[in-house]
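Chemist: Sequence:
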Amino acid sequence: MMKSIREYENLHIVFWLIKDTCWVSDFKTAGMIMVIPTVLMAFYIAWKSRFEQADLFHNLAVCCWILANCVWMVGEFFYDDGTRLYAKIFFISGLLLIALYYLVVKKKKLT
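All residue numbers in the sequence shown are consecutive under this note's numbering, ending with 117.
Just so you know, not all the hints are guaranteed correct.
Only pairs whose alpha carbons sit at most 30 Å apart, straight line, appear in this in silico DSSO-like list of lysine-lysine [as the list claims (entries may be wrong)]: (1) Lys-94 with Lys-112; (2) Lys-112 with Lys-9; (3) Lys-54 with Lys-115.
Here are the in silico distance ranges between beta carbons for each label pair [unchecked claim]: (4) Asp-32 with Lys-112: 37 to 45 Å; (5) Ile-19 with Ile-95: 19 to 27 Å; (6) Lys-54 with Val-111: 17 to 25 Å; (7) Ser-10 with Gln-59: 17 to 25 Å; (8) Asp-87 with Leu-109: 16 to 24 Å.
Since the hints were made in silico from the structure, they are not lab data.
Yeah, the Cβ is synthetic: ideal placement off N, Cα and C, and Gly gets one too.
Full structure from sequences and hints, please.
Modeler: Put into structure tokens, the structure is as follows:
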């Protein structure tokens, strides 16, 4: 049984690396299968970090990043790279979450 958030983060990295290795190797079925544990683990980590604002915002940004990454992969696999716009939306959402944290939440804590 996992005891710390760090162990979940480390497992998430393993899932992500396997997914991306499948992506660059053009293993479509395996890549699509690995989307599930990779995304679920990202959201689980965000959920576990919900009581610490800094961790929550950063982990939600990671969720956006992994969703963007998965959308991009699906686009390359099945849609002649036609999903980049949707992937950009997720990437930008992650950046906006980070900006919100640093420009609003953290700034508010400092004052």
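Chemist: Confirm or reject each hint.
Modeler: For each hint, the structure was consulted:
1. Lys-94 with Lys-112: Measuring from Cα to Cα gives roughly 25 Å; hence the hint holds.
2. Lys-112 with Lys-9: Given that 30 Å is the threshold and the Cα spacing comes to 28 Å, the pair holds.
3. Lys-54 with Lys-115: Given pair Lys-54, Lys-115 holds - Cα atoms ~22 Å apart, limit 30 Å.
4. Asp-32 with Lys-112: 37 to 45 Å: holds (42 Å)
5. Ile-19 with Ile-95: 19 to 27 Å: With Cβ atoms ~24 Å apart, the hint holds.
6. Lys-54 with Val-111: 17 to 25 Å: For Val-111 against Lys-54, whose Cβ atoms are near 19 Å apart, the range 17 to 25 Å holds.
7. Ser-10 with Gln-59: 17 to 25 Å: holds (19 Å)
8. Asp-87 with Leu-109: 16 to 24 Å: violated (33 Å)
The structure fails to meet hint 8 from the earlier list, while all remaining hints are met.
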